[in-house]
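Residue numbers (UniProt numbering), protein chains in the order written: chain Z, 1 to 355; chain S, 1 to 355; chain P, 1 to 355.
Simulated from the structure, these hints should not be mistaken for laboratory data. Some clues are possibly wrong.
As the list claims (entries may be wrong) - Stretches of chain S that chain Z covers, calculated by requiring three or more beta carbons in the stretch to come under 8 Å of a beta carbon on chain Z:
#, region
1, 39–53
2, 59–72
3, 78–91
As the list claims (entries may be wrong) - Dumping the calculated EDC-like pairs for lysine to aspartate or glutamate here, alpha-carbon to alpha-carbon at most 16 Å:
#, chain 1, residue 1, chain 2, residue 2
4, P, K312, Z, D124
5, S, K114, S, E338
6, P, K312, Z, E45
7, P, K59, S, E295
8, S, K312, P, E96
Keep in mind that this is a model prediction, so the values were computed, not measured. Using N, Cα and C, we set each Cβ at its ideal position, and we do this for glycine too.
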Amino acid sequence: MEFIRNAWYVAGWSSEIDQELRRFTILDENLVLYRKSDGAVIALEDRCPHRLLPLSLGKRIGDNIQCGYHGLTFDCSGKCIRVPGQNNTPASAYVEAFITFERHNIVWIWMGDKDKADPADIFDLAEFSDPDWEAHQGDALHLKSNYLNVAENLVDPAHVSFVHPTTLGNSASENVPVHVSTEGKVIVAWRWIRDSEPIGFFKKFGDFTGNVDRWHYYYLHLPCTAVIDFGSAPTEDAIAEDDRNKGVRIFALHFMTPVTGGYTIDRWMHLRNTALGDEEAAANMDAMFRIAFDEDKAILEAVQQEEERPAKRRPIRIAIDKGPMVYRKRINEMLQLERTHDVASDPSPAFVYHD
Amino acid sequence: MEFIRNAWYVAGWSSEIDQELRRFTILDENLVLYRKSDGAVIALEDRCPHRLLPLSLGKRIGDNIQCGYHGLTFDCSGKCIRVPGQNNTPASAYVEAFITFERHNIVWIWMGDKDKADPADIFDLAEFSDPDWEAHQGDALHLKSNYLNVAENLVDPAHVSFVHPTTLGNSASENVPVHVSTEGKVIVAWRWIRDSEPIGFFKKFGDFTGNVDRWHYYYLHLPCTAVIDFGSAPTEDAIAEDDRNKGVRIFALHFMTPVTGGYTIDRWMHLRNTALGDEEAAANMDAMFRIAFDEDKAILEAVQQEEERPAKRRPIRIAIDKGPMVYRKRINEMLQLERTHDVASDPSPAFVYHD
Amino acid sequence: MEFIRNAWYVAGWSSEIDQELRRFTILDENLVLYRKSDGAVIALEDRCPHRLLPLSLGKRIGDNIQCGYHGLTFDCSGKCIRVPGQNNTPASAYVEAFITFERHNIVWIWMGDKDKADPADIFDLAEFSDPDWEAHQGDALHLKSNYLNVAENLVDPAHVSFVHPTTLGNSASENVPVHVSTEGKVIVAWRWIRDSEPIGFFKKFGDFTGNVDRWHYYYLHLPCTAVIDFGSAPTEDAIAEDDRNKGVRIFALHFMTPVTGGYTIDRWMHLRNTALGDEEAAANMDAMFRIAFDEDKAILEAVQQEEERPAKRRPIRIAIDKGPMVYRKRINEMLQLERTHDVASDPSPAFVYHD
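So that you can see chain Z by itself, here it is in the shape it has in the complex:
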């Protein structure tokens, strides 16, 4: 599977990376991640250029890594600084190093052309620093699914009525059309369901006594970050579309990390403008999210298995697919652009070991 390389991906929650040498697989590449003694996150190619042993099986010598097979030692830039048994270190003795950036307890990584890496491009949200909001990290959901199908799911408000009928959707929204627009690198798919029974999530966390106006805004930040802005307000308040902060409002964030062509990690968290400081409410919300996201997992993994079988005819597209279709189109454009303009890519074919 071909991946977009010139993009910031989430490597992990900050809590997943410490002084130990740990392997992470991102865009089908194996990396060793660890923190230097000063806390900075280092990401190196996890394969010694000599006999190919993963460096994550070696050991730290200060901030450097010594390979566990013959002791070749690499500094944080990936440069080999020692080859036991000889005085020189050949120029070809190096591992690739990757740029990382940490913010809001999230570690981002840049897998592409280093000249194009700009931390200003990293996803951020004003609400992370807003005292009226509170952020709460959830889990890392492992999905045996390619990331494109995960992303489709996250720019698709229509599925909640059928996949999450007890938590994030209900039958009131089944036939409501979806609106889609794009703003730069963000695709937005949304719909409002006015004057209907609250969904399970807001029955539990909204204290609503009557019908509500409910919204679902799916913001897909290309290529792999999704913000689901959903919430409800009493129908009697008749709030305007731009006045969503007047209701109970939740942002469910999903950071998709393509691991391989058939495996994706979805690290999810939420921000909320309600129950501030209430850890129990946060835990209860996450419990409800887990129910919903496990429902997605079951579906996405079944779809992946079907896609791996031969098919008799092309799948069909329907009206509510507009978000997913725009997403696929934009991804293909980005891939096409990288194919033609990325001077950093290696033109030589991959070398495969055979005996």
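Place chains S and P on chain Z using the hints.
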């Protein structure tokens, strides 16, 4: 693996199919099977044409199926009757439907050209309705083996001497030649072993005091149904070949369902002209069949593994292989016929998902 | 993977082979091994030429094997001597037989051109029969690794400093260069570490009070036998390189059997000139070897996994790789020689079963 499509296959025992949506794989195709409220068995392609989710993961709305991802709903003919979020249902929104037929607590399915499906062609046996006989369903034996090798085993009386020495064969039959004839779509391979010790099965169920005349008739109804007619009578009775009802006579029926090219389900049952109404005897017979068929399973799965390895030379054929050889020849003729005459087959190459 | 066929390989310890029919896989070929009633080891192709059932699933009739499916019977030369149901045995009814040789409780097998099999070529060591030495068989270490990487490890004195720091190496040897020479079919890689702390192994088994002179000689007998001659003597004794019997000296023998292209069995044992007759010391030494060889296993299996992935660039070679590099070169020469001169090889392409 190429399968014969214009044939009736057993989809399952009647007891395996109920109101639940269940996936069955037949001829490498995934189907969802369920009973309508009137009890009729419905068989549909188990894959939504939209996002490919198996319909068996959806839910029933009356006799129809609603897909679990976006709610597309299909009636019992496979036609899409609802696409949430839009008013029309595109013509390409359908799943394939398959013809089924139920008799003697067995559900048959037709996977080929619908115009050629004729229930009159379905295997039947007068003894199912004969008061002097009793039928008893056994198990569904799962075999990691292609169906051709399973079928060979079921048109091969010679193997019982070596594979089933304690149940269905003994050393008396080791060197007895096998006769083979064909009658239309039935291949018969048989032999008589006169004046010898009873086999284990008839020691237990025959009450014989001395030597017996024993027969094994293997009827292979092309492509996938086998009737093993075996029995014994006291040698002193000197029964004629056509007088087998005078002895203790058993029909072991095997309905082979090719699941994939390397997996077959053999649903087996027996009919007997002895111990009528004796459920304990029936259970004891099945216990002995289980011993024997597990011996076949061990051999067929080992053969499958060997066939998947490269070989240095072609396997040899010997005199007792006449039944299997006729079987292979007939299967190849049937496949050839379908290749050249089946106008219902789809001429376009299979579409495979890639990203 | 292409293997050298004209060579003696270890099939197993003598204790692994008895009267039972057992499958062994060597050079990606499945064999059935068993002892005749006179104790001689028979090795036959483990696949009946009729329906391909492994003969190891059949049963012994005296010294012969009867196939478990239809009773074809093969003698110890692989010739079919009985086909039930017919009087003749076709010439094509045979299995390949392999030459074996047993000595020092080790069973060797010749997988190549029979005319070239000469037991005089089998690895031997005078110390097996020397009263000043004692031999002790260890284990059969199963490695998910091709044999070439295992062999590299066994002609590479440099890795012990990093892979086995508590048992067979320590930091004193990290930077000591390696010498390599070849003597006929033996590659020798060695180094001395003079005047340093004893390694873990000799702390436990050497009774040394001060610094020692330590040696590691890695003899790789092409293609698959390794003798690691290692030992220590008090530095104050200043022994000469050829005087190693004056110190505490151990031979660790490794017999590599390539099972498949990705799987190798390393049967290892030791000979020692110390603690003669002391079974407890022998067991303690083996316990320490197990720690060390499990360290090798972890590394070799990780390297195998990496080699199976595509690579961006060729691996580098460094100064201490001289032994492994000579080994690879010699193996390639031997393979090339067999390709061009082995008249026994089958020129026809392998036959693969397909349906």
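Hints, one by one, checked against the model:
1. 39–53: That given contact holds, which follows from 6 residues of the region 39–53 of chain S lying within Cβ reach (below 8 Å) of chain Z.
2. 59–72: holds (count 7)
3. 78–91: holds (count 5)
4. P:K312 <-> Z:D124: violated, 33 Å
5. S:K114 <-> S:E338: holds, 13 Å
6. P:K312 <-> Z:E45: Distance of about 11 Å is within 16 Å: holds.
7. P:K59 <-> S:E295: Judged against 16 Å, a Cα distance of about 14 Å means the pair holds.
8. S:K312 <-> P:E96: holds, 10 Å
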